[in-house]
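In my numbering, the protein residues as written are 545 to 1208.
Derived from the structure by calculation, the hints contain no laboratory data. Incorrect hints may appear among the rest.
In silico lysine-lysine, DSBU-like type, Cα no more than 30 Å apart, as pairs [as the list claims (entries may be wrong)]:
{"id": "1", "residue 1": "Lys933", "residue 2": "Lys725"}
{"id": "2", "residue 1": "Lys956", "residue 2": "Lys674"}
{"id": "3", "residue 1": "Lys1002", "residue 2": "Lys664"}
{"id": "4", "residue 1": "Lys964", "residue 2": "Lys1002"}
{"id": "5", "residue 1": "Lys1009", "residue 2": "Lys725"}
{"id": "6", "residue 1": "Lys997", "residue 2": "Lys809"}
{"id": "7", "residue 1": "Lys956", "residue 2": "Lys1009"}
{"id": "8", "residue 1": "Lys679", "residue 2": "Lys725"}
{"id": "9", "residue 1": "Lys1009", "residue 2": "Lys727"}
{"id": "10", "residue 1": "Lys991", "residue 2": "Lys956"}
{"id": "11", "residue 1": "Lys925", "residue 2": "Lys679"}
{"id": "12", "residue 1": "Lys1009", "residue 2": "Lys964"}
{"id": "13", "residue 1": "Lys727", "residue 2": "Lys678"}
{"id": "14", "residue 1": "Lys1113", "residue 2": "Lys925"}
{"id": "15", "residue 1": "Lys956", "residue 2": "Lys997"}
{"id": "16", "residue 1": "Lys997", "residue 2": "Lys933"}
{"id": "17", "residue 1": "Lys846", "residue 2": "Lys1113"}
{"id": "18", "residue 1": "Lys991", "residue 2": "Lys933"}
{"id": "19", "residue 1": "Lys725", "residue 2": "Lys664"}
{"id": "20", "residue 1": "Lys933", "residue 2": "Lys1009"}
{"id": "21", "residue 1": "Lys727", "residue 2": "Lys664"}
{"id": "22", "residue 1": "Lys746", "residue 2": "Lys727"}
{"id": "23", "residue 1": "Lys674", "residue 2": "Lys1113"}
{"id": "24", "residue 1": "Lys664", "residue 2": "Lys679"}
{"id": "25", "residue 1": "Lys964", "residue 2": "Lys664"}
{"id": "26", "residue 1": "Lys809", "residue 2": "Lys741"}
Computed beta-carbon distance windows for the label pairs [as the list claims (entries may be wrong)]:
{"id": "27", "residue 1": "Pro1029", "residue 2": "Ser623", "range": "40 to 46 Å"}
{"id": "28", "residue 1": "Met545", "residue 2": "Pro1161", "range": "33 to 39 Å"}
{"id": "29", "residue 1": "Ala1053", "residue 2": "Ser623", "range": "18 to 24 Å"}
Bear in mind that the values here come from a model prediction, so they are computed numbers and not experimental data. Backbone N, C-alpha and C fix where the C-beta goes; we use that ideal spot for every residue, glycine too.
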Amino acid sequence: MVDLKAQLNEAQLSAVNTVNGPVLVIAGAGSGKTRVIEYRVLRLVEEGVDPSSILLLTFTREAARRMLERAAGHDRRCSRVEGGTFHSFGYRLLRRYYASAGLPENFSVMDEDDAGEAIKRCMDRSVQDKRFPKKDTVRSIISACVNRSLSVEEVLAGDYRHFLPFSGEISSLRSRYCDFKRKNGYVDYDDILVLMKALLEKEEVRASFISSYRFVMVDEFQDTNRLQGEITRLLAEPHGNVMVVGDDAQSIYGFRGASHRNIMKFSEVYRGCKIVKLQDNYRSTQPILDLANSVLRSMENKYDKSLVSAHSRDGERPAFFMFGDAYDEACWLASRLEEALAAGQNPGEQAVLFRSAYVSIPLQAELGRRRVAFRVFGGMKFYEAAHIKDAVCLFRLAHNPSDELAWRRVLKMNDGVGEKTSERVISEIRHCRGGMRVYASILRSGKFKGGLKSALEKLAFFLEKASSEPDLALRFDMILEYYAPFFRDRFDDWHLRNGDFTALREIVAHSASADELLASLAIDPPQQCEERGGIVLSTIHSAKGLEWDNVYLIGMQDGVFPSGFSFEKPEEMEEEQRLFYVAITRARGRLILTFHRENARNLLTPFNRVSRFLELPGVADSIDKEDVFSWNSAGRRGRGAYPGCGGEGEALDDRMFDFLDGEV
DNA sequence: AAGTATGCTATTTTT
DNA sequence: TAGCATACTT
Ligand SMILES: Nc1ncnc2c1ncn2[C@@H]1O[C@H](COP(=O)(O)OP(=O)(O)OP(=O)(O)O)[C@@H](O)[C@H]1O
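Could you put the whole structure together from the sequences, leaning on the hints where they help?
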């Protein structure tokens, strides 16, 4: 038995020991909320609760894996606890009850790319007006409707005023898109939640499935949306044993329909629930927390928190550096990281965080040049690259020949085949039923002529061969063989992209089934497939819940962080500020912020001012401004006299921000 | 008629 | 840099 008292403070202990009934744990960053879940799982299992009757819902699958792994370190049975995201759990539910959800057995999960293509296809028929929203915008609008439980009009009125005249058109497009999904057995991300909720309301499912989960825990509850809140309620209904954990000040997914409403209303929905507040911060030194507190205090929405280091840990004050351009910033940081590694620091304890993925590109180039190992989290995912998507669509087609979106992509790989020709071929096979042979025979039938004919014959041959190969890795090899000529033809840099296939093959080889593989590519995309270890480069969003000894927050330009898209929207500005709070509180002992002048982002709006967050009351006083422009890639010191950029420890003042508007 | 080359524009965060 | 509209080519 693990001695809980040695691992947890009193408040944590009371949360862990409240086994029955609803519990709300609400507390600031680094106060040990995740640890509460970990030890509560452990305690339940050690008490003899069947691990498979415990359900742990987290924000990413990785987070669940980490928590359960740690708990399993104390008691191996914990690894049998059911854990994952709402989406991954929902997917499993749909696999089991597909019929009740009105889905065919071989339904497939669309990623955003697929959803966009499907919408475009539904759009072609009606829309002419140039001012009509683009397919990706339509997708966001439709998604917002689902995630925020609003009508198209309401979403438009809130965030897309200029599209209000198209409200009717978008609504009908939405229903055409839904028809398309239903006819073709597709499920998009939002459908997973919608169908999941619908299933959980069915008697059949309640009796057999829900009742097998006797303890439900949800982490990061401040970032759940309305549907997820409902789902949580339904899961907990039979027994009321539900623990939710979160920090309203860390709500950073409002753009995706999440609302801290769920966590704020929890105690109203569950009257008499146990509320646990954790006061002590075990993660960071007090100087870092002082900065975080200043950010919290200057928020419009008052948070009644103040983070206090549990052991009054003192340490370095956060430092701020400015650079003349992105390259200087990258070189300086790369050097600093190299020094840290040379001094024996663990690369896995160095994290570079940024608001948007593109900010990290110069640093990636520089680290690559210096052969420093790093991993990237967030931003463009590996599986979204065109060549990977091509290979995956070939895989999908071999697995399920009624996958219309995969057909479109695969057909268009051929020269001379575009929108119209692929549509023609698809209309021939659309009403096909049966196995691959039926589809192949249509491709070979005399309906097609010339180059198209031979292309389709090759495709038919490949599909029959691949679909009859049971071994997934061997099937994947066939796919690469078929794809190779297209690949080399289409991508000049194909030799650079080749390594990705090796990585993809690894994933394929480790998958239990084609269904599992395809679902996990969509629902739980591998962030990246390169080697483990190395310095961490991550968007702040992807850094949620994590911590490192040294954190470098780069790209502190106003317009980058906070994002310029949010300037006019107070609610989004608050979210940006919460994001700043999240970023700061990832650091254990050292926090460094950097700014670089942008010379040529585009001619209209280079973001050359320092983030307004650094001007917030108390913030400047919590940060040491280091020598400005004192370092540059040429290794020169003090690149000339810049007004207001002088000496050591000088407090940030307005001049510093203003001079940047002038020519440097 | 359909496909493709070219040049313009907008460019966040993610299950 | 990708996606889209437009003009050009087959
Ligand atoms: N009672 C404790 N004694 C010592 N260390 C603790 C205690 N509780 C938590 N910690 C440590 O504090 C750090 C932060 O804990 P944890 O990740 O659980 O915080 P959190 O509240 O989930 O943070 P966040 O809100 O940022 O996700 C971890 O390194 C954890 O091991």
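Inset, instruction - Decide if the proposed pair is consistent with the structure: Lys964 and Lys664, CA atoms, cutoff 30 Å inclusive. - result: Holds - the C-alpha atoms of Lys664 and Lys964 are around 14 Å apart, at most 30 Å.
Inset, instruction - Given the hint that Lys956 pairs with Lys997, test it: the Cα-Cα distance must not exceed 30 Å. - result: OK: Lys956 and Lys997 at ~14 Å, within 30 Å.
Legend entry - Hint consistency between Lys956 and Lys1009 [alpha-carbon to alpha-carbon, up to 30 Å]: holds, 21 Å
Inset, instruction - Below or equal to 30 Å on CA atoms is what counts here, so check Lys1113 against Lys925. - result: Holds. Lys1113 to Lys925 sits at ~28 Å (cutoff 30 Å).
Inset, instruction - Could you grab the alpha-carbon distance between Lys1002 and Lys664 and see if it respects the 30 Å cut-off? - result: holds, 28 Å
Inset, instruction - Sort out whether Lys1113 lies within 30 Å of Lys674, counting only the CA atoms. - result: Roughly 26 Å between the alpha carbons, so the hint for Lys674 and Lys1113 holds.
Legend entry - Restraint status (C-alpha distance of Lys679 to Lys725 at most 30 Å): holds, 16 Å
Inset, instruction - Could you grab the alpha-carbon distance between Lys991 and Lys956 and see if it respects the 30 Å cut-off? - result: holds, 18 Å
Legend entry - 30 Å limit on alpha-carbon distance, applied to hinted pair Lys1009 and Lys727: Holds, because 27 Å separates the two Cα atoms, which is no more than 30 Å.
Legend entry - Restraint status (C-alpha distance of Lys956 to Lys674 at most 30 Å): Distance of about 25 Å is within 30 Å: holds.
Legend entry - Lys997 paired with Lys933 [C-alpha distance capped at 30 Å]: holds, 24 Å
Legend entry - Verdict for Met545, Pro1161 (Cβ pair) under range 33 to 39 Å: At roughly 49 Å between Cβ atoms, Pro1161 and Met545 fall outside 33 to 39 Å, so the hint is violated.
Consistency note: the structure conflicts with the earlier hints numbered 6, 28.
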